[in-house]
Amino acid sequence: EPEVTQTPSHQVTQMGQEVILRCVPISNHLYFYWYRQILGQKVEFLVSFYNNEISEKSEIFDDQFSVERPDGSNFTLKIRSTKLEDSAMYFCASSFSGVGTGELFFGEGSRLTVL
Amino acid sequence: RKEVEQDPGPFNVPEGATVAFNCTYSNSASQSFFWYRQDCRKEPKLLMSVYSSGNEDGRFTAQLNRASQYISLLIRDSKLSDSATYLCVVRISGSARQLTFGSGTQLTVLP
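Those protein sequence lines, which keep their order, are chains A and B. The working numbering puts the first residue of the first sequence at 1, with every later residue one more than the last. The working numbering puts the first residue of the second sequence at 1, with every later residue one more than the last.
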C-alpha cells in the first residue's frame, strides 16, 4: 500500500538552528500538507501546497517557516531559526484531491526536539 | 470557544461494550466532517466521513446534526484494537485546504 514517508523520524536541535524536515508524498497525489502536534495537544494545520505554491497557511506558519517541493518527489518543511516552542511532532500529509473528501494520508511524523 | 470540542475522556470500557463519543463545532459554515483515529504517538488515520444522513461502517456509526452543530461516533461491540484516540475533524467553509482537529477522545477497551 502506498504511503507517505517522512525523515528524520526524530531530530534534536539547538535553539536557533535551522531544521529541514523531509517528506515523500504518495506518488500520484497532488495536494501536500504539513500539520504539527505539540505533545498532549491537538493536531494543528500549518500549510497546504498545490501546483508548486502555497494554497493556504495558518497563523502558526510565520516567516520562520517555508516549504518547498525541490523535485518531483520530495516536499520539505524548513524552520529557519528554531525556538523551544517549535518542539512537536510534524506530520506531512498528501491527498489526491482537495481536502473536501477528508482523505488525507499522513506520514508517521518527524519528532522535533528543540533544546 | 474552541472550534471543535470533544470530551477528552478517557473512556475505559470492557470488550464488547458500546461506546459513544460526541463532538461540537462552533462554526456554522463548517462543511465537511470526519472521524480520525490516532494511536499513541502515531499519525492520524481517517476512520470515516460523516454525512448528513448518518452513515455506518461495520461496527461504527457516525451521525451529524447540523442544527445543533453536533457530531457523534458510536462504536458497537468494542474490541481491544479499538483502543486509540478518536479525533473529530471539520473542514470549515473558506478553508478549502485545511482540516480543523478536535483534541480527541481517548478510548481504552479493557479485556
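Hints in this document: simulated from the structure, not taken from any laboratory. Where is the CB? At the ideal position from N, CA and C, for every residue including glycine. Hints should not be assumed to be uniformly reliable.
Claimed, not checked - Computed list of lysine to aspartate or glutamate pairs in EDC-like fashion (alpha-carbon distance at most 16 Å, straight line): (1) 42(B) x 62(A); (2) 57(A) x 44(A); (3) 83(A) x 1(A); (4) 42(A) x 1(A); (5) 42(A) x 3(B); (6) 78(A) x 62(A); (7) 45(B) x 1(A); (8) 45(B) x 18(A); (9) 42(B) x 5(B); (10) 79(B) x 57(B); (11) 2(B) x 44(A); (12) 42(A) x 82(B); (13) 83(A) x 103(A); (14) 45(B) x 86(A); (15) 2(B) x 39(B); (16) 45(B) x 108(A); (17) 42(B) x 68(A); (18) 42(A) x 5(B); (19) 83(A) x 63(A); (20) 42(B) x 108(A); (21) 42(A) x 7(B); (22) 78(A) x 1(A); (23) 83(A) x 68(A); (24) 45(B) x 62(A).
What the hints assert, rightly or not - Some chain A residues flagged as far from chain B (calculated, every beta-carbon gap over 12 Å): (25) 3; (26) 22; (27) 27; (28) 63.
As the list claims (entries may be wrong) - Looking from chain A toward chain B, a few residues come up when the C-beta cut is under 8 Å (computed): (29) 48; (30) 86; (31) 109.
| Failing hints, ascending? | 1, 3, 4, 8, 9, 12, 13, 14, 15, 17, 22, 23, 24, 25, 30
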